[in-house]
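Trainee: Residue numbering for the sequence shown follows my numbering, starting at 6 and increasing by one per position.
Simulated from the structure, these hints should not be mistaken for laboratory data. Nothing here was measured: the structure is a model prediction, and the numbers come from that model. Positions of the beta carbon are idealized from the N, C-alpha and C atoms, including for glycine.
Label pairs and their computed distance ranges (CB to CB): (1) E375 - N231: 16 to 26 Å; (2) A171 - N246: 42 to 52 Å; (3) H306 - N286: 27 to 37 Å.
The calculated SDA-like cross-link candidates involving lysine to any residue, where the alpha carbons are at most 25 Å apart (straight line), are: (4) K269 - N235; (5) K269 - R219; (6) K362 - R211; (7) K371 - E349; (8) K192 - R356; (9) K50 - Y61; (10) K66 - P21; (11) K292 - L389; (12) K269 - R376; (13) K66 - V180; (14) K292 - P343; (15) K371 - D241; (16) K371 - N215; (17) K192 - F173; (18) K340 - R316; (19) K269 - G242; (20) K66 - V23; (21) K292 - T352; (22) K362 - R376; (23) K269 - R336; (24) K195 - G318; (25) K292 - N7; (26) K362 - G242; (27) K362 - Q386; (28) K371 - H247; (29) K292 - Q17; (30) K292 - K340; (31) K362 - W209.
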Amino acid sequence: GNPLVDSVAEHQATPPIVYWHYFNFVYWAAPFGAIFLLFELTDAKIFLGLYCLIGYYFSGKMIRLVLLLSPAAAIAAGNFIGMFIQFTVEAYRDEEFDTGARAEQALTKQPHRKPPLAEQKVQKIVADDNYSMGIWEELKQLYAEQVGSRRVIGTLGMCLLAFSIAHFVPHSFAVARHLSEPQIIMKARKTGEILDDFREAYWWLRDNTNADARVMSWWDYGYQINGIANRTTLADGNTWNHEHIALLGLCLISPENVSHSIAKHLADYVLVWTTRYAGLNADDIAKSPHMARIAGSIYPHVLPNDFYLSREGEPSPMMEASLLWRLYGWRFDDKVEPLQYFEEAYTSEHRMVRIYKVLDISRESKAWRERHGPGYPPALQPILNQSTAFRQHRSYF
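Using the sequences plus the hints, can you model the full thing?
Mentor: If you want it as C-alpha cells, here you go:
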C-alpha cells in the first residue's frame, strides 16, 4: 500500500463504532429502510437502493467517506420510520376480526355436492397453478386477522422510536458542537480548563521569529503554521510529493546529528506536538511509526519495524536515539541528554507544543533557495542520492 495514505487517520478502514457515533439510531434504522425499498420497486427505489449499497461499500473503505453514506442512510431511515408509522396507523384503522361470527357462518353454510371426476381434475390443475398465490393470500389473511397483535407491536415500536429520536436530537447537537469547535482550542474533559497551547505557540512564532523564518514540522500542522503564525512551512496538507514527506520523516526519526545535516539546509525552527504531557496521545510520538514507514518507503536503509513504542511506553533503541524523541523529552525526561544542534526556544503552558531553533543553519542553502525558488539546495544532494523511487505495491481499493 501507500504508507503516506495509511498515516492519515481518516484514511483508515471504518470501524462499526464510527457509524454509531455519527449516525446513532439511524445506524440500525437505515438497514431496515433499505430492505423495504425492495418492495414494489420503482425507478426511484432502485436508485436509492444502489446509492445505499455503493455508499456503504466505499464508506467502509475509508472513514472520511462516511460522509458519502449520510444522505442515503438518512433517506433509508426515513423510509423505515414512514413505513412503521403507516403500519401502526393501519392497525388502528382496521376493525377487530370477529372469529365468532366466522365460526357461526361456517356452521350454517350448506355442504357442497361432490363434483364429477372430470371437474375435480380441472380444479386440481387450477389449484396447482395458483399454489403460490394461495400461500400469499393465506399470509395476507393471517396478517389481517392479527389486528390486536399489530396494534401492540405498533404501539411498542412507536414508543421505542420516540425514545430513540429523543436521544438522537441532543446527540446530533453534541456532535455538531464538537465538529464546529476550533480545532486548535480544546477543553479538558475532567477539569473544563481551556487548552490554548496551539494558538499560543503559533502566535509565539508570529511575534518572535523573523518574517522569513522557515518552520519544519510534520505536514499535519502546515496549514495552521502558515495561516496563524504567518510563517513558511516545509509541508502541509496539499503536499503531494511523497519523496518530500519521506525526507521530513527521515529528518525526524534519525539521530540528532543526521537530522541536523538535513534540517540546517531547510529550516530555521522545528515544531513538534507533545500533547501526551496533557493526556492527549495523538501527538508526534504517536505518529512517528508512520513517519518511519514513509521514510522507509523511499530510503532503504531505514528499518521501520525497529522504530516503535512498547506497550509499557518504552521507546525502541532507534526511537530513543531519534531527534523526535529528544525534542519531546528534553528537560522532562532525565534519560534524554542535552541537545547539541538544536536549542529550545518555546514550550507551551501545558507542554503540548515545543519549538526548537536550528543551530548553525546553512546560509548558503538559504540564499540558494531565495535565488532559485522551489527545490533542494545542492548541499542536500548526497542525502537525496540515497533515496529510491516510491512504488505502490497494490491498489487501495
